[in-house]
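Student: If you're matching them up, the sequences are chains A and B in order. Numbering follows the numbering used here, in which position 24 of the first sequence is assigned residue number 24; successive positions increment by one, without gaps. Quick note, the numbering used here runs 226 ahead of the 1-based positions in the second sequence.
Rather than coming from a laboratory, the hints here were simulated on the basis of the structure. The structure presented is a predicted model; accordingly, all values stated were derived computationally and were not measured. Worth double-checking, as some hints may not be accurate.
Okay, the calculated beta carbon distance ranges per label pair [what the hints assert, rightly or not]: (1) B/248 x A/15: 16 to 24 Å; (2) B/319 x A/173: 28 to 36 Å; (3) B/402 x A/93: 27 to 35 Å; (4) B/296 x A/14: 20 to 28 Å.
In the DMTMM-like style, the derived pairs of lysine to aspartate or glutamate whose C-alpha atoms are separated by at most 25 Å in a straight line are [unchecked claim]: (5) A/162 x A/17; (6) A/156 x B/434; (7) B/388 x B/434; (8) A/162 x A/178; (9) B/382 x A/17; (10) B/388 x B/433.
To spell it out: a stretch of chain B is covered by chain A in this simulated footprint if at least three of its residues, at any positions, have a beta carbon under 8 Å from a beta carbon of chain A; those stretches are [as the list claims (entries may be wrong)]: (11) 289 to 297; (12) 344 to 357; (13) 376 to 389.
Cβ atoms here follow ideal geometry from the backbone N, Cα and C, with glycine treated the same way.
2 protein chains.
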Amino acid sequence: MSVTVIDVRERVMARNDEIARDVRQRLEAARTASFNFISSPGAGKTLLLERTLAALNEEMRVAVVTGDCQTQNDADRLARHTDRLVQAVVTHGGCHLDARQIETALASIDLHETDLLLIENVGNLVCPAAWDLGESAKVVLFSITEGEDKPLKYPKAFQVAKVAVLTKLDLLPHLDFDLAGAIRNARDVNPLLRFFFLSARSGAGMEDWLAFLRARVTERRRTVPA
Amino acid sequence: MSVTVIDVRERVMARNDEIARDVRQRLEAARTASFNFISSPGAGKTLLLERTLAALNEEMRVAVVTGDCQTQNDADRLARHTDRLVQAVVTHGGCHLDARQIETALASIDLHETDLLLIENVGNLVCPAAWDLGESAKVVLFSITEGEDKPLKYPKAFQVAKVAVLTKLDLLPHLDFDLAGAIRNARDVNPLLRFFFLSARSGAGMEDWLAFLRARVTERRRTVPA
Chain A
1 MSVTVIDVRE RVMARNDEIA RDVRQRLEAA RTASFNFISS PGAGKTLLLE
51 RTLAALNEEM RVAVVTGDCQ TQNDADRLAR HTDRLVQAVV THGGCHLDAR
101 QIETALASID LHETDLLLIE NVGNLVCPAA WDLGESAKVV LFSITEGEDK
151 PLKYPKAFQV AKVAVLTKLD LLPHLDFDLA GAIRNARDVN PLLRFFFLSA
201 RSGAGMEDWL AFLRARVTER RRTVPA
Chain B
227 MSVTVIDVRE RVMARNDEIA RDVRQRLEAA RTASFNFISS PGAGKTLLLE
277 RTLAALNEEM RVAVVTGDCQ TQNDADRLAR HTDRLVQAVV THGGCHLDAR
327 QIETALASID LHETDLLLIE NVGNLVCPAA WDLGESAKVV LFSITEGEDK
377 PLKYPKAFQV AKVAVLTKLD LLPHLDFDLA GAIRNARDVN PLLRFFFLSA
427 RSGAGMEDWL AFLRARVTER RRTVPA
């Protein structure tokens, strides 16, 4: 029976990857930069996206898709920071977003009027890592309250990401957290990972993060689509 | 194709539930109390289990099974607190433990010499909630750093649990965390949930938690197996 399961899973994954390729092509053709945010529940994805939206919303056109097991709380929180449509995908217990859900969400987004697409995945450091959504890059967040061993214990999310954001840095004085060890652990599983350290709450480190997003959007605009 | 997926998944779940029933019967026959700990990565499962083992190891016979995507770090940490075998199940990316893995682990545990079985699931607040392992009860942990909305956003884990443990309480002065709101949210999804509030780091709240486990073990010893 396990062979059947694997076959079905492989077919589902293969179909997902096809759709993700289409999504990626559409995003590239529209020169929209896009990021897929992956983390544990409560690592601070929504707060980071709130602060990011509030900071960038005046200077560029940002679209948002949020994934949640239940509720559209995240979408409601984010919608306060933009006049544009924030799309909520409620997975009803599903543990990750898939490319089909992004494809469906894109039907309501004019990509040619969108510079940056932010996708907030379901809070789960395991399953979302396996699913390509067609994004430009995956961003893995982890909170310093989670401990410095997370990259070793959940390596896949750190391997598939291009960017790691260490969040809740304002809590550092109150924790026994080994920052150097965390970076070393993350680089052990992915030496090319680019790091940001920030507290969305205090604002520390936000400028570097915003500069990175601005640069990616500028770069994407300059790209001649295939 | 999606129908096929559901069929296969249902068969896999049905088979899991059969094995879980066997596991449960064996645990009951041996009068072993058992708890399946579910939480996000980094909510403090391992530290709570370390402190629990250190406190109870002299007075009762405790067995431990840990599930991890990669590494056996948690098992190594826990093994320091007991002379008994601590079993590591490395799921190689798998997002939850299943009953078959517990059945396999039990082959190396003499249940008649075990009062309490602690199962540390993979760090994931979504998928493990769907899998019965044959345990007496599921315990959902959530850290106050994750925010008070977690029970609403990940209701399944809170619905299937009998006990909720709110961890990292020592950080309360440094966070904007609404404790009353968190309890209200959890009770909204499961009115029968029993709560513990603790900091494994400071030791605050540990006595209540240990008293609860002692009572469950005593209760189980008194039960006449079917």
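Student: If you check the beta carbons of residue 248 of chain B and residue 15 of chain A, does the distance land in 16 to 24 Å?
Tutor: 36 Å, violated
Student: Holds or violated: the 27 to 35 Å window for the beta-carbon distance between residue 402 of chain B and residue 93 of chain A?
Tutor: Roughly 28 Å apart at Cβ, these two residues keep to the hinted range, so it holds.
Student: Would you check the hint for residue 162 of chain A and residue 17 of chain A, treating anything up to 25 Å between C-alpha atoms as holding?
Tutor: 18 Å, holds
Student: Compare the distance between the alpha carbons of residue 382 of chain B and residue 17 of chain A with 25 Å, and conclude whether the hinted pair is satisfied.
Tutor: Outside the cut-off at roughly 29 Å; violated.
Student: Please check whether the stretch 344 to 357 of chain B has three or more residues whose CB lies within less than 8 Å of a CB on chain A.
Tutor: holds (count 7)
Student: Starting from residue 162 of chain A, check that the Cα of residue 178 of chain A is at most 25 Å away, please.
Tutor: 22 Å, holds
Student: Between residue 388 of chain B and residue 434 of chain B, does the CA-CA distance stay at or below 25 Å?
Tutor: Answer holds: residue 388 of chain B to residue 434 of chain B is near 16 Å, not above 25 Å.
Student: Does the stretch 289 to 297 of chain B contain three or more residues whose Cβ lies closer than 8 Å to a Cβ of chain A?
Tutor: Answer holds; 4 residues pass the 8 Å Cβ test.
Student: Given the hint that residue 156 of chain A pairs with residue 434 of chain B, does the C-alpha gap stay at or below 25 Å?
Tutor: 37 Å, violated
Student: Mind checking the hinted window 28 to 36 Å against the Cβ distance between residue 319 of chain B and residue 173 of chain A?
Tutor: 35 Å, holds
Student: What's the verdict on residue 388 of chain B and residue 433 of chain B, does the C-alpha distance respect the 25 Å limit or exceed it?
Tutor: 19 Å, holds
Student: Is the coverage entry for the stretch 376 to 389 of chain B by chain A consistent with the three-residue Cβ rule at 8 Å?
Tutor: holds (count 6)
In the structure shown, a violation is registered for the earlier hints numbered 1, 6, 9, in ascending order.
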